[in-house]
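Participant: Listed below are the residues making up each chain.
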Amino acid sequence: MHTSSTLTEHTADRGRAGHVPGLAHHFDDLAQQRQAGTLGMWAFLITEVMFFGGMFTAYAYYRYRYPAAFAAGSAHLDVTLGTINTAVLIGSSLTMVLAVHAAQLGRNRDIVRFFLMTIGLGLVFLVIKAFEYGHKWRDHLVPGRHFRWHGDGGGGPVQLFYSLYFAMTGMHALHMVIGMALIGVLAVMAGRGRFTPQNHNAVENIGLYWHFVDVIWIFLFPLLYLLGVHT
Amino acid sequence: MTTLPYSSPPTELNYLNVRYTLASWLLSVDHKRIAILYLLTITFFFALGGIFAVLIRMDLATPSPDLVTSETYNKLFTMHGVAMVFFFLIPGVPAVFGNFLVPMMIGARDLAFPRLNLLSWYIFATGGLFTLTSMVLGGVDTGWTFYTPYSSTYANTHVISAALGIFLTGFSSILTGLNFLVTIHTMRAPGMTWFKMPLFIWAHYATSIIILLGTPVVAIAIVLVFIERVFRIGIFDPALGGDPILFQHLFWFYSHPAVYIMILPSMGIVSELVTCFSRRRIFGYKFVAMSSVLIAVIGFLVWGHHMFVSGQGMYASLVFSYLSFFVAIPSAVKVFNWTATLYKGSISYHAPMLYVFGFVGLFTIGGLTGLFLANLGLDVHVHDTYFVVAHFHYIMVGGVIMAYMGGLHFWWPKMTGRLYSEGWARLGALIIFVGFNLTFFPQFLLGYLGMPRRYHYYPEEFQVLNVMSSAGATILGVGYLIPIVYLVWSLRWGPVAGPNPWGAKGLEWQTSSPPPTENFETTPVVTEEPYAYEEDAEVAVAH
Amino acid sequence: MRIPNPILLDFRLVPEDASTIAARTDALYAFLVAVAVFFSALVFILVTVFAVKYRRRPGVKAAPTGHGHLLLEVTWIVIPFILVMIMFVWGAKLFIRIRQPPPDAMEINVVARQWMWKLQHPNGRREINELHVPAGVPVRLRMVSEDVIHSFYVPAFRLKQDVLPGTYMSLWFEPTKPGEYHLFCAEYCGMEHAGMKGRVVVMEPEEYQKWLTAGPPVQSMADAGRELFVTRAGCQSCHSPTSGGRGPDLAGVYGRRRELNDGRSVLADESYLRESILRPDSHLLAGYGDRSLMPPYLGQLSEDDVIQLIAYIKSLPRNGAARADAASVRDQAPPAPAATRPAES
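Protein chains in written order, with my numbering: chain A, 1040 to 1270; chain B, 3 to 545; chain C, 75 to 419.
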């Protein structure tokens, strides 16, 4: 490949632009850095879709195979708590949108405030989820040796339903915990006034991630709690 | 080797001599240093997998179970597969050469996310430690495919730590793939349009797509096996109504494309080398580039061809077989284009080029025998026999490792600044080629004769071919030891390579060897198509 | 141990040919070998010739590659495409033949477990790691595993089929040549995987008949199933015309389509019967309410038991005459031997 050592206008900017605050050494400018960050987050979310996709596939397949058992298992989930949690999570997405908006304006104190609200709503979600898990434990609906099923549908496939229920909601909760930890880190950075209207890519990316986690729940909720309950 | 006298180590700062402390290596975010960390790690696992292979072949030299017990034998082939597939072949080319070269070939200073890159090595190493732990504690005996319900319910070996290890390396390769994808998209040097990218970059682009889409699925499959074992619940357990075939679908959805994760970057290496050593522009650039992308796409639609006799429905099998044959077309396109590149070239027989010849021949056989397995009626007979073993070793050892060795010899002067002994290198390549064929060709015959794979002992009529295979393995083993010796030797005593010992055209050769930490003194500007060898007035090669 | 023959007198490249499928598989194999050899040779020869002819020489430059070799590219796309499509069609036709048993095939049951093959002939004769079959008669194996996945593989027949836990797999073949052939487990199944082998003995049909009736008298599978049905499993108390419709009458159920209460309809094949016995809730019949009154037999019955029960259910004729018979055997315990069983037609 032929290369030229004479730099064009454009490449003159491609020097080691260490003086731009927040610009990593290997990027040419903030626009490139931002583009890379955003693309990276989208690519990561695609891998997440595939990750959850595997479980959704398993769920869909077994649901098709054992419709009665899955409907029976589903009927034992607490729709009220599930609905409250859905509302809580949508609320947290709203506060996240506000945090991103604050970042675009460079208002670091607002970012901190909305981040803390997001974390708070996330905690509410997890506490409610923990109560739900507790009820399942008490009712011997946690798969494994202590699993007991006295209702319709035959024990095996119902246990399969609960295995997938715990695997899917557990993975979702794990993603929330990771998200909340990252939001916490960014909140500290915002507290130090790190984000500017030009450079707040991290806030936008955590926003994307949080919305993604939210969307996963929007799929999980009807699939696990609602589908087949009234048929 | 006569033109360049031995001289003292280069005095200017490069990525190797910028700092010497252990911490400066373990905390480095320089893609080149991380590539070296990967090189050391995967070489370790390659050696480990190789030792297991030698033990397997020694045991199989006689029909009776004499060297090890059946339990140990099962652990040996499992750990051979796990070490080789997950810790050598999949990360091999991308994590070593991809890490080192992707930024340099596109004129960037580093990958888009250097810290993520370091993190991915740590995750890889942690995964490796978990897997090693399971080996040290007594091993795992499920086969590298971890088929349920054997792996989830019946095996009483260390499946959990091995599964965790594999899950972690998968995560590591996701981060690497993500890094490549973003880097290739956003950080190309001015003037490097998509169709001016080296084919090595195209191959890594296609590979990244496969990694991002496939790896998460095997990750979840492994997680489910993990959960099933730890909590004694049944997701794939037929006793609870679970379906073990579902695991196979999830597993092969990734693990078939994983073959392309291995072979596509290797094909990228071959495209770089074949042009350099025949001093010719690649024949059919766009066809070679697009065939990589096509292989990546079709590769996702063919996983069911591993399951023709597993109980998969007949119509599903028909569709998977039909689609599988399509992979043959882009693969054939590549082979023919490489061959055509040689035509009227100015071909030299340097060690990397010998590996290219080896690759083209062995990959052709490996690819063509793949047609036997994609073929429904024939697969019923040869599935899960030594025919399959021979086929995938022709692709993985004959293809991937040949290309890996070719790449290692080609870029060794760039990575270390030193030249190795060309004579020993050619000898090593020759021995590997001979040993390889003697090891694996008899296995095609064994397979058609009906010897099942993963057999610790076998009927006597299979012995002659097994002895040939074991003899070949000895030669192959020697072939792999030779490069270790002269490459290590070259680090201290090899002649200084200079920036471009092969007279190659890639951007990575436009900077000093070893390159400085930020790769280029000034950012290169690309004005020409790749592989513009024909403009050179005279060929300037070191030796 | 026999010392291996040093002059390879016995050396062969294909296994023995002992089924109607084998010659077809070999023909397809020959075609693929021919294609593979042709293209490998083409590539090897071209690479070698180019490497020698265009080796680097001082003062000789490579000719420019140029652009636009569309015709050549299209050629080497189209020719492989045509060839692989021939391969696909040929292989698919063979596969469809392999997957479709003739309706009159004789049935033999196979239960696989770590690490043995248990086989049972319809007249009740059992064998382990050996399968005796008559030449010239299509045989269909109904196979299930008690633990992990195994695979029934007879190289001389060029046939294999994975044997799964939890569902029936079938494999059919028609042996052509009397003799003894290897039977292997081809799917890795644990410690003694390599030891899970046996032999298939193909006999002349009359010898097979002799073999079948030799040995101590045994209960036929249908009879054993009937005994279970009436006594130990207690199916009779609900599944008979006199049980007041608590459960469906099973006469003639096999091979019929069943309407389920969720609107689907499924074919009552062997897998359906197996599922319905072990997990009655998996297929709720239309007209029998939202939940099954029948307890699940999973864990109560062995795979062997289920096979005998299915053999019995299959033996029940479709017409109404059987009903009275089924009722009449209820009180017969122990059940009558096969010879004195009430006629069912």
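Since the hints were made in silico from the structure, they are not lab data. Be a bit skeptical, because a hint or two may be false.
To be verified - Pair ranges (Cβ atoms, derived):
#1 V134/C x V295/B: 27 to 37 Å
#2 R131/C x V490/B: 55 to 65 Å
#3 L24/B x G1061/A: 23 to 33 Å
#4 V148/C x G1223/A: 50 to 60 Å
#5 E531/B x L146/C: 12 to 22 Å
#6 P1060/A x R131/C: 52 to 62 Å
#7 R131/C x W495/B: 24 to 34 Å
#8 A25/B x G1209/A: 29 to 39 Å
#9 L1144/A x V138/B: 49 to 59 Å
#10 E254/C x V295/B: 26 to 36 Å
All figures in this text were calculated on a predicted structure; none of them were measured in a lab. The beta-carbon is built from N, C-alpha and C at its ideal position, and this holds for glycine as well.
Participant: Check each numbered hint against the structure and report the violated ones by number, ascending.
Facilitator: Hints 2, 10 contradicted; others consistent.
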